[in-house]
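Trainee: If you want the building blocks of each chain, they are given just below.
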Amino acid sequence: MPAIALLQPNHSSAPILYVDAGRWADAPSAQGVEGKKVSAKAQEVYRHWSERAEVLLMRREAADEFSYEHVPPNRVFHVKTRYVYAGKGLPMSVDLDEE
Amino acid sequence: MSPQRHYRKAPITEAIIDLRVELPPDFSAAELMKTHAAEEVSYPTVQQHYAAFGQMQGGPQVSATAGSQHMGYVFQSEDAKQIYQARLDGFTMSRLAPYENWNALRDEARRLWDIYRSIAKPSRVVRLAVRYINRIDIPLPFADFKEYLRTVPEVSPDLPQELSGYFLQLSIPMQDIKSLALINETIIESASPDVVSVVLDIDVFRHTELPADEEGVWTFFEELRDRKNKVFEGCITDKARELFEPCQP
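If you're matching them up, the sequences are chains H and Z in order.
FYI, in our numbering the residues of the first sequence are 1 to 99.
FYI, in our numbering the residues of the second sequence are 1 to 249.
I should point out that these hints are in silico values taken from the structure, not numbers from a laboratory.
A hint or two may mislead.
Unchecked claim - Below are the DMTMM-like pairs computed for lysine to aspartate or glutamate, each with C-alpha atoms no more than 25 Å apart in a straight line:
#1 Z/Lys81 with Z/Asp137
#2 H/Lys41 with Z/Asp144
#3 H/Lys41 with Z/Glu189
#4 H/Lys37 with Z/Asp89
#5 H/Lys37 with Z/Glu162
#6 Z/Lys230 with H/Asp26
#7 H/Lys36 with Z/Glu233
#8 H/Lys36 with Z/Asp79
#9 Z/Lys121 with H/Asp26
#10 H/Lys36 with Z/Glu108
Let the hints inform the model, and build the full structure from the sequences given.
Mentor: Okay, here's the thing in structure tokens:
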């Protein structure tokens, strides 16, 4: 039995498309009754999708806005430092009468 | 996929050839009326085409803006079966039922596109599409949509199998022709109580690496049409074909 699979993400000619009113708006506009009914139903589905699920499933463009790239940390590394010994530390004096 | 077939009662309710373009920035929608200069007899009805837009912003105060842009014109034949749109973003040819054949649709689309092209002088074509909308009237009673359709929603056998409605949209890459098939399938109100009407809407389009010359564009339309046929045949069963009365080869 044939299986349904997602397109490989690195395929350049046909990216994975998400439910998107903009994508639907690109379709050639139909003039007949049936075509207009399909358009109305698609809009209805998109509205339902937007109202219920867009928080859970971010649109691809929004996800693309993040430019963060993870850099793995070096577990062991050497740093050159210079320090000066300034003497023994003492507590600051506090005038109790002021309170 | 199945070989190409012809039907006496093809379920096509609308066939569309569509070209999206970029026009020079100073070109105005009103100039597209010139595409109709020699077409007043064939396409006597003229409608203006507007694109509406709106934006609403919320916060301490709510503001809203709305507007519209004149995009072009829709021209209809006297019987309203043949329609072409000349717009700032492209040209679309539609044929409503009864559908004649591909050659008639393509030749008329190309004739009118040549007029559009000579007037609007598009700087480039950005998208080519062939879209066919079919209404399949499935006679009642039947036990399973799969008797007639091979592309249908799969419902878990643990759930009730009766459907009062569905809307299925599939985007299927056609990698060999660098195109995408957008299939919409849904139940609509039927004209008769004896049938269930399912719309099978197949839009095959390409928007990258488009042919640079006119001959290439129209040769590619043949490929899109051929692929649309294969998608259609792939979505139906022999029992559905019987409804459309296949012509003998």
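Trainee: Each hint needs a verdict: does it hold in this structure or not?
Mentor: Against the structure, the hints come out as follows:
Of the pairs offered as hints, the one joining Z/Lys81 and Z/Asp137 holds, with about 21 Å between alpha carbons and a cut-off of 25 Å not exceeded. For the hint pairing H/Lys41 with Z/Asp144, the CA-to-CA distance comes to about 23 Å; that is within 25 Å, so the pair holds. The suggested pairing of H/Lys41 with Z/Glu189 holds, with an alpha-carbon distance near 12 Å, which does not exceed 25 Å. Restraint check: the Cα-Cα separation between H/Lys37 and Z/Asp89 comes to about 23 Å, which is no more than 25 Å; the hinted pair holds.
For the proposed pair H/Lys37 and Z/Glu162, the alpha carbon gap of about 22 Å is at most 25 Å, so the pair holds. Only pairs whose Cα atoms come within 25 Å are accepted, and Z/Lys230 paired with H/Asp26 is accepted, the gap being roughly 22 Å. The suggested pairing of H/Lys36 with Z/Glu233 holds, with an alpha-carbon distance near 23 Å, which does not exceed 25 Å. Restraint check: the Cα-Cα separation between H/Lys36 and Z/Asp79 comes to about 19 Å, which is no more than 25 Å; the hinted pair holds.
At roughly 21 Å between alpha-carbon atoms, Z/Lys121 and H/Asp26 fall within 25 Å of each other, so this suggested pair holds. With a CA separation close to 23 Å, the supplied pair H/Lys36 and Z/Glu108 stays within the 25 Å bound.
The structure fails none of the hints (numbered hints given earlier).
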